[in-house]
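K.L.:
Starting from the known structure of chain P, arrange chains E, C, D, S, H and W on it as the hints suggest.
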Amino acid sequence: MDFMPGMGYDSAITIFSPEGRLFQVEYAIEAIRRGTTAIGLKVGGVGAVLTIEKRILSKLVAADSIEKIFKIDEHIGAAIAGLTADARVLINRARITAQIHRLTYDERISVEVLTREIGDLMQLYTQYAGVRPFGVKLLIAGVDDTGSHLFMTDPSGTHIGYRAAVIGAGEQKATEVLEQGYKPDLDLDGMILLSLSALKQAIESELDASKVEIAVIAEEERKFKKLSVEEIANYVERET
Amino acid sequence: MDFMPGMGYDSAITIFSPEGRLFQVEYAIEAIRRGTTAIGLKVGGVGAVLTIEKRILSKLVAADSIEKIFKIDEHIGAAIAGLTADARVLINRARITAQIHRLTYDERISVEVLTREIGDLMQLYTQYAGVRPFGVKLLIAGVDDTGSHLFMTDPSGTHIGYRAAVIGAGEQKATEVLEQGYKPDLDLDGMILLSLSALKQAIESELDASKVEIAVIAEEERKFKKLSVEEIANYVERET
Amino acid sequence: MDFMPGMGYDSAITIFSPEGRLFQVEYAIEAIRRGTTAIGLKVGGVGAVLTIEKRILSKLVAADSIEKIFKIDEHIGAAIAGLTADARVLINRARITAQIHRLTYDERISVEVLTREIGDLMQLYTQYAGVRPFGVKLLIAGVDDTGSHLFMTDPSGTHIGYRAAVIGAGEQKATEVLEQGYKPDLDLDGMILLSLSALKQAIESELDASKVEIAVIAEEERKFKKLSVEEIANYVERET
Amino acid sequence: MDFMPGMGYDSAITIFSPEGRLFQVEYAIEAIRRGTTAIGLKVGGVGAVLTIEKRILSKLVAADSIEKIFKIDEHIGAAIAGLTADARVLINRARITAQIHRLTYDERISVEVLTREIGDLMQLYTQYAGVRPFGVKLLIAGVDDTGSHLFMTDPSGTHIGYRAAVIGAGEQKATEVLEQGYKPDLDLDGMILLSLSALKQAIESELDASKVEIAVIAEEERKFKKLSVEEIANYVERET
Amino acid sequence: MDFMPGMGYDSAITIFSPEGRLFQVEYAIEAIRRGTTAIGLKVGGVGAVLTIEKRILSKLVAADSIEKIFKIDEHIGAAIAGLTADARVLINRARITAQIHRLTYDERISVEVLTREIGDLMQLYTQYAGVRPFGVKLLIAGVDDTGSHLFMTDPSGTHIGYRAAVIGAGEQKATEVLEQGYKPDLDLDGMILLSLSALKQAIESELDASKVEIAVIAEEERKFKKLSVEEIANYVERET
Amino acid sequence: MDFMPGMGYDSAITIFSPEGRLFQVEYAIEAIRRGTTAIGLKVGGVGAVLTIEKRILSKLVAADSIEKIFKIDEHIGAAIAGLTADARVLINRARITAQIHRLTYDERISVEVLTREIGDLMQLYTQYAGVRPFGVKLLIAGVDDTGSHLFMTDPSGTHIGYRAAVIGAGEQKATEVLEQGYKPDLDLDGMILLSLSALKQAIESELDASKVEIAVIAEEERKFKKLSVEEIANYVERET
Amino acid sequence: MDFMPGMGYDSAITIFSPEGRLFQVEYAIEAIRRGTTAIGLKVGGVGAVLTIEKRILSKLVAADSIEKIFKIDEHIGAAIAGLTADARVLINRARITAQIHRLTYDERISVEVLTREIGDLMQLYTQYAGVRPFGVKLLIAGVDDTGSHLFMTDPSGTHIGYRAAVIGAGEQKATEVLEQGYKPDLDLDGMILLSLSALKQAIESELDASKVEIAVIAEEERKFKKLSVEEIANYVERET
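Taken in order, these protein sequences are the chains called P, E, C, D, S, H and W. Our numbering applies: residue 1 is where the first sequence begins, and numbers increase by one. Our numbering applies: residue 1001 is where the second sequence begins, and numbers increase by one. Our numbering applies: residue 2001 is where the third sequence begins, and numbers increase by one. Our numbering applies: residue 3001 is where the fourth sequence begins, and numbers increase by one. Our numbering applies: residue 4001 is where the fifth sequence begins, and numbers increase by one. Our numbering applies: residue 5001 is where the sixth sequence begins, and numbers increase by one. Our numbering applies: residue 6001 is where the seventh sequence begins, and numbers increase by one.
Isolated chain P, as found in the complex (with noise of 0.2 angstroms):
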């Protein structure tokens, strides 16, 4: 850390630097850098896959209750990383948003608009005095009528769709991996399997299927679906 890092432009909350930047929203990132690691992955035509490594620091902690892969709806999923409690709050909001949207229109909400939702509510927390940002990313995975959909939230409030993209303390080394890895060819066995590869690097060190989660949205089910500590056993063996 320099001296004066932000010369003052960062203790206020929601004020522009000089150069124009949101130091509050910087900083909330940080806290995202050193959170646990989220892959996601999509192919069109085949659907989405969502893996992430559960940072378990005693062995008596119940490792069942680490949940860092949300289902938000039947066809979508969240993966988070950075502040747990931060990213509850938002998980509830796409819940609620998914099931408003069901009761008022009677279809599934598109992947898109659900995520636009969510940024457009962490946007709010980067404009308004009294609050802070929300110091977490999303991973937003699902099929709807338009194919398969990934997108990433960040703390300002923005969302890009991706191919493939990583978030937490992983980020640089599990892109990497997937850079060279991704073909929009891969079957979903082939998606697991990368971003069990890419999430191996990131972690740098030999994986235990009993510290990773992997969630799966198929596009011909359009059901999210959770792996079996079995199920992802068995991929962590074929991936080595």
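A hint or two may mislead.
Calculated lysine to any residue pairs in the SDA-like style (CA-CA distance at most 20 angstroms, straight line) [unchecked claim]:
#	chain 1	residue 1	chain 2	residue 2
1	S	Lys4059	D	Lys3071
2	H	Lys5054	H	Glu5231
3	C	Lys2054	E	Asp1185
4	D	Lys3211	D	Ala3062
5	S	Lys4059	D	Glu3176
6	S	Lys4071	S	Lys4223
7	S	Lys4173	H	Leu5060
8	D	Lys3071	D	Gly3020
9	W	Lys6054	W	Glu6204
10	P	Lys71	W	Ser6110
11	C	Lys2183	D	Ala3063
12	D	Lys3071	C	Arg2116
13	C	Lys2071	C	Gly2147
14	C	Lys2059	E	Asp1185
15	H	Lys5173	H	Lys5183
Honestly, the hints are just simulated from the structure, not real lab data.
P.N.:
Here is chains E, C, D, S, H and W on its own, set in the frame of chain P:
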């Protein structure tokens, strides 16, 4: 940047410096200077054109998810430079304003009235405590009963009409091209080619059709229309 | 600018300095000193004239989109200097105030009553926390049952009546011309020519009819009327 | 001005300094010391007189638009010194208070009750955060069932009754004249001449009838009446 | 005054210093120490007396307009020291409280209950942000079903009963006189003479009947009564 | 006091210092350490006793007006140390809480439930901005269906049950006496004598019956009862 | 403590430091590190146990009034470490949440749903201005339809499931004992003995049954039950 650029007048929201400047507004404009370039042109009797550069930072990004030109209503569109999430707030508001106008008066909103409403909203964020200005400039283009129009709004809430205008990182370089090339007898093709030429100058590299977005509102049709990648590729080729 | 111009009394909104000054109001006036020049004249029995300089920074600007003289009601107009977006808030309010008066009393609002309402609004922004003063001066001109009137409001909310007044960057130079040339027996033509003469002095260059805006409210007609470019060109020629 | 006049106790709104002083109130009084001079007199059985200096900074100002003596109700008037726009807020309130009293009790409000209401309002602005004190002193004069009255209110909200009082820049000099010349057997003419004599001393120059405003409330008529320029000129001549 | 008297604990409203002191309350008491002197006495079976010094700064002041002893209800009065405008807020509240009590219970409010309500109000202004404490002490005297009472409230909201008490600039000197002269068998005359004797000591000069205000509430009558100037003059003469 | 005791963590309301301390709460406790001493005792099967020192600063004070032990309900009383005006707010609330309980459930409130409600209120003032903690500790004593109880609440809102407790300036010295003298087989007389003995030690001087206040709630009667001066004098004599 | 531990990022409520840390949350955790130790265990098919140390600072304290384990509902309990008054707010909320669930769905709330609601409440206090985080950690234990559960919430609002967990001053030492002694085949007796063994290590002294509190929720009964002092004494003896 000087040592103490604002001597404290820039830290509090919305107050004047001794020279009568509003630093938060000026810093917001800095945020826009670091944004992607957007170009607008209009020719009386012909129509208006919006062209933007898609800055795609990773090959894993889904290029089609990056949208910086938005349809506001049948006859109006807007291109943005600056903080994307901030811009979305204004785009949402513009769309609602246009719809309310249709419902209330059973007619299309004029381009200037719409622009003024957005400018008035932006002004509010420069005079009241507890908020920061919007970190975004908009180019609002459209065709209404009084012909073709192109307006630019900035974070102070000011709006000015232009025949051709540039916002974002490439402002200076692209403006030079427009000043030399703009003629009041350009047809749509000429307008598109001129905007591509200006964009090329702004980004200082060859154009890649997949990283350009173009929208057209012709006076004949009065319909906002985005060009397909093929159409853009065709123009890119001709421009060279 | 001195080293510590306000010794801290200028950073907090709306508080007095030990000398009883309101710095935020004084700094707002600085913003106006950097604005374009506007000139107003009134002659009893004849009418009132508003003249402004259009400062057009680029040849790509649509000159007709730059508006600094506004019709408030049939019989009243206003010219502005300072922050355009701030001014629009006041112009909107003035128009609504005039309409409400018409609807409530079935008569035209008097120029002074309208001016006082706008001044009262501006005063509020100097006494309450959470807002900044308006960075704008207005010249409000009109003809009502008591004759022709010209008022100036400043950011403190004070309003004063004038026979001839200048706001904006050219205040000092143009005022000298008016002080020498103003006579109570000027006719409308004489008023317009005098205002152009003052404007020329203010901007220190030859006048360009396309960069001047003139509005007239004659006592005979009691109607706010903007001159056409041709009419202005004609006066510019005669002025020289 | 000393180096650090208030050691920080003067920057925050409405708090006490260690000596039990309210600096914002004292600084507001400084604003009044720089204002134009206003003089009030009352003589039991005769009536009350208000006299002010019109400080006209330019010959282009419409002298009749400068008003510093206001009719509050049939039988009460007020002269002001300090920030004109602040004063207008209090004058408006005083007028409404008097009207409400008439409507509620079907009688004229007493001068002291009216003064107390205005003082109570001014006090509020010294005890609550988010506002600054009013930068104005009022001389409230009138005739009610208990005779002639003259009150002065200051920014702390205090009101004191006077037989003769001065506010504004000429306070000290004019007070000396009044102390020497005031007699309880003055008639209206004598009161007016004494106030002009005091005003002359205050402004340190010959009096100009067009730059003086005088209002009279005689006990016989109980009606607030402003003198015409001719009447004033007549008194000015006699005073010399 | 020491160099940094409160080390910052005195600038923020209503917070504790490390020694558990509330500086704003202590500074408010300083404001009272600079106020005019007020003296109260009560003798069981006889009644209560309030005496104050009128500090008249100019011979132009209408002495009868200066009021520092107020009737609260038929049987209760109050004398004040400190900021007059602050005191008026409390006096208004006390009068309303007494009236509400009469209307609700059809009986006179007891002196202590009234005092407690005023103290509770004053306490609020020491615990909440956005306000400052009241800069005033009250001596509340009256006769109710439990006899004669005299209470003092201070800016912290504390109230204490006294047989004789002094507030304001002369507190120390006048208290000494009261401590020596107070006897539980004083009659009303004796109480008035003792209070005048204490007042003389406090103001360190001969007494002037026109600059003294005295109010009496005798147990026999249970009626608040102000003495006339003649009655006061008579006592002043006897006191000497 | 150290040089910079809280390094800034003590100036803002209700925030944690790096050591996890709430300075405002600790400073409030300092205010109590400077208050008068209050002592409470309870013995199962016998009852509870509250004893306080009346610190009378002047012989002119009406000693009977100083009240530091308050009846809350028939069966509960409270003694206070710290800011008297703050305490009154809590006592008022406690009385209302007890009455509401009676009206709602037609039974006497339990001592612990009442104490918890008061503690919950005090906690609020340590977690929200815009207020300061209460500068007071309470000893709440009473007899309910579960026997005799004595609770102490402090500014953090914590409440703890005691067999014997001291608050205020004499806390340390009186506590030593209680620790040595408290026995579970004390009768009411013994409890009163022990509390007087502790009080004597706390104030370091002979006891004066007129400067002591004692309240008793015996289990037999379940009635809060204050002792008369004669009864206290009797105990004081026996204590010696 | 370092010289400037947070360089200013720790004084404002709820904002990020440049490293993405929320200092107020971290400081709140310090408050907990100074609190008493609480231990929780759960074994699938058997139940859950909560054990705490009662830190009794004086022999005059009524030990039974110190409660750090609370029944939330029939089947759920919670142990606390940190600020007791803060904890009470959360315990009250938890009880109400459980009751509302019963009334709304006519079923027992699941342990995780309850925990999540409390965590969501705690998160709010880390993102909004005007409040401070809760200075408390909770161990929430219970048995529901999915078996035995033990959750820990911290001031950030995060909740994690554990098989065994420690909060408070003895966290580190007691955790070591649990890590070594926890086995998935412990019965209730074994769980209690292990928790006592851990507690002994944490407080570094022999256990005193009167200073320990134990609560058990067995899967068979699904009922929260506190052990009597006798039962605890029995376990303490066995543990040794």
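K.L.:
What's the verdict on Lys3071/D and Gly3020/D, does the C-alpha distance respect the 20 angstroms limit or exceed it?
P.N.:
Not OK: Lys3071/D and Gly3020/D at ~37 angstroms, beyond 20 angstroms, violated.
K.L.:
Measure nothing beyond the straight line between the CA atoms of Lys71/P and Ser6110/W; if it is 20 angstroms or shorter, mark the hint as holding.
P.N.:
19 angstroms, holds
K.L.:
Does Lys5183/H lie within 20 angstroms of Lys5173/H when you go C-alpha to C-alpha?
P.N.:
18 angstroms, holds
K.L.:
Assess, step by step, whether the Cα of Lys4071/S is no farther than 20 angstroms from the Cα of Lys4223/S, and give holds or violated.
P.N.:
10 angstroms, holds
K.L.:
Decide if the proposed pair is consistent with the structure: Lys2183/C and Ala3063/D, CA atoms, cutoff 20 angstroms inclusive.
P.N.:
Cα-Cα ~16 angstroms, so holds.
K.L.:
Verify the proposed pairing of Lys4059/S with Lys3071/D, using a straight-line Cα cut of 20 angstroms.
P.N.:
28 angstroms, violated
K.L.:
Does Asp1185/E lie within 20 angstroms of Lys2054/C when you go C-alpha to C-alpha?
P.N.:
25 angstroms, violated
K.L.:
Keeping to a limit of 20 angstroms between CA atoms, is the pair of Lys6054/W and Glu6204/W held or broken?
P.N.:
14 angstroms, holds
K.L.:
Compare the distance between the alpha carbons of Lys3211/D and Ala3062/D with 20 angstroms, and conclude whether the hinted pair is satisfied.
P.N.:
11 angstroms, holds
K.L.:
For the pair we were handed, Lys4173/S and Leu5060/H, check the Cα-Cα distance against 20 angstroms.
P.N.:
14 angstroms, holds
K.L.:
Can the restraint linking Lys2059/C and Asp1185/E be considered satisfied, given a maximum Cα separation of 20 angstroms?
P.N.:
Answer holds: Lys2059/C to Asp1185/E is near 16 angstroms, not above 20 angstroms.
K.L.:
Taken at face value, is the distance from the CA of Gly2147/C to the CA of Lys2071/C at most 20 angstroms?
P.N.:
18 angstroms, holds
The structure fails to meet hints 1, 3 and 8 from the earlier list, while all remaining hints are met.
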